[in-house]
Amino acid sequence: MKIDKTYEGSFHIVGGDFSRAGEASTELKTIMLSVGIEDEVVRRVAIATFEAEMNIIIYTPAGILRYSISPGEIRIIAEDMGPGIEDIELAMQKGYSTAPDWVREMGWGAGMGLPNMKKNAG
Amino acid sequence: MKLKEIAEILSLKPLTPAEGPDLEREVSGAYVGDLLSDVMANSEDGNIWITLQTHVNIVAVATLKNLSAIVIVNGRMPESDTLDRAVSEDIPILLTGKSAFETAGKLYRILNARNLQG
Amino acid sequence: MRLKEIVITNSRDSEAEIEWACATDLMSDVLYYSRGNSVLITGLAKQQAIRTSDIADIKVVVFTRGKEPDRQTIELSQKKKITLLITPYSMFTACGKLYEEGLRCCPE
Ligand SMILES: Nc1ncnc2c1ncn2[C@@H]1O[C@H](COP(=O)(O)OP(=O)(O)O)[C@@H](O)[C@H]1O
Ligand SMILES: [Mg+2]
Numbered sequence: 001m002k003i004d005k006t007y008e009g010s011f012h013i014v015g016g017d018f019s020r021a022g023e024a025s026t027e028l029k030t031i032m033l034s035v036g037i038e039d040e041v042v043r044r045v046a047i048a049t050f051e052a053e054m055n056i057i058i059y060t061p062a063g064i065l066r067y068s069i070s071p072g073e074i075r076i077i078a079e080d081m082g083p084g085i086e087d088i089e090l091a092m093q094k095g096y097s098t099a100p101d102w103v104r105e106m107g108w109g110a111g112m113g114l115p116n117m118k119k120n121a122g
Numbered sequence: 001m002k003l004k005e006i007a008e009i010l011s012l013k014p015l016t017p018a019e020g021p022d023l024e025r026e027v028s029g030a031y032v033g034d035l036l037s038d039v040m041a042n043s044e045d046g047n048i049w050i051t052l053q054t055h056v057n058i059v060a061v062a063t064l065k066n067l068s069a070i071v072i073v074n075g076r077m078p079e080s081d082t083l084d085r086a087v088s089e090d091i092p093i094l095l096t097g098k099s100a101f102e103t104a105g106k107l108y109r110i111l112n113a114r115n116l117q118g
Numbered sequence: 001m002r003l004k005e006i007v008i009t010n011s012r013d014s015e016a017e018i019e020w021a022c023a024t025d026l027m028s029d030v031l032y033y034s035r036g037n038s039v040l041i042t043g044l045a046k047q048q049a050i051r052t053s054d055i056a057d058i059k060v061v062v063f064t065r066g067k068e069p070d071r072q073t074i075e076l077s078q079k080k081k082i083t084l085l086i087t088p089y090s091m092f093t094a095c096g097k098l099y100e101e102g103l104r105c106c107p108e
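Residue numbers (our numbering), protein chains in the order written: chain S, 1 to 122; chain X, 1 to 118; chain U, 1 to 108.
It is worth saying that the hints were derived from the structure and are not from the lab. Note that the coordinates shown come from a computational prediction; the quantities given were computed from them, not determined experimentally. Honestly, I wouldn't trust all of these hints.
[To be verified] Listed below are the simulated DSS-like cross-link pairs for lysine-lysine, each with C-alpha atoms no more than 30 Å apart in a straight line:
{"#": "1", "chain 1": "X", "residue 1": "2", "chain 2": "X", "residue 2": "65"}
{"#": "2", "chain 1": "X", "residue 1": "98", "chain 2": "U", "residue 2": "67"}
{"#": "3", "chain 1": "X", "residue 1": "98", "chain 2": "S", "residue 2": "118"}
{"#": "4", "chain 1": "U", "residue 1": "79", "chain 2": "S", "residue 2": "119"}
{"#": "5", "chain 1": "X", "residue 1": "106", "chain 2": "U", "residue 2": "59"}
[Unchecked claim] Derived list of chain S stretches under chain U, where covered just means 3 residues or more per stretch with a C-beta under 8 Å from a C-beta of chain U:
{"#": "6", "region": "43–53"}
{"#": "7", "region": "72–80"}
{"#": "8", "region": "109–121"}
Where a beta carbon is used, it is the ideal one built from N, C-alpha and C, also for glycine.
Given only the sequences and the hints, what does the whole structure look like? Please build it.
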């Protein structure tokens, strides 16, 4: 990574708001590109963040996405006011999803979000 | 064309029904998609349905639309209630590790050769 | 390969070179399996398909069954420089024709 300082920020995410779903991750992607992170890393971080953002929108009333881009590390923290995940191991399985039907009709609920975050995170 | 022939050519693994899956049924054409409302609206009688949805509702859709079988792609395994329902409704579920694109691509050629459509 | 041979386009840049294909209506699937230089074939004719493609560096999206997207979806695709194509074919037929032309799905 060619950057020499740390960039930090956060996005507030409102649950249930599909009209703006993905805006935070899209903006983070633009920020990463503008500070000179290489394309492949940007793609991985954007994908993981997008999945976290969607989960906050689908499963919780509200949440916050924090990012810290520093030399050698990009850290994304997703916090929400939802019920949390009871059985993490189960939720991590490919295809496991409790998404309601209307979410499935919007193109989500494939149960690949957490596996996706794992695949793309360090 | 018989479901059995398609299963053989594409190396699909039948999961249901448990004893002697009924692969003798005729396939009229194919449908690819993961949005249940679309499948309800656009699939046709006797279609083989290619999807990566594993949710129990896929069986209800296949039953209502009189589809010949469900093919679940990308190595995904259906949930246990999906399997139970498929057995009781007599809807064959077949699995493949291949993608929807590849499965559809190969099946298109096979069905086209027999003048069957999607 | 050239998509304009197979689909109807509403966009200027149908000369984009495509290496791989990804056919699905579920967006996490796009994010998991796709590569940057792939085409997304989807029945989800909504903004979410464009957002997802943008995040995944996908430059060409095909909506199946002649589904007309709303204005916001078209505007977002223009803003993100994503070529949006509409085909009258079903997802099955679109996959079949592209597969016949030699296009293959993204390797895992
Ligand atoms: N932020 C969250 N709060 C509560 N539950 C969650 C959250 N994120 C994920 N989950 C649970 O974990 C499951 C799997 O999540 P994921 O892998 O993203 O797949 P999907 O969102 O497609 O269901 C969800 O269906 C949901 O039950
Ligand atoms: Mg998710």
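Now for the hints, and whether the structure bears them out:
no. : hint         : in the structure
1   : X:2 - X:65   : 18 Å, holds
2   : X:98 - U:67  : 27 Å, holds
3   : X:98 - S:118 : 22 Å, holds
4   : U:79 - S:119 : 29 Å, holds
5   : X:106 - U:59 : 25 Å, holds
6   : 43–53        : holds (count 5)
7   : 72–80        : violated (count 0)
8   : 109–121      : holds (count 8)
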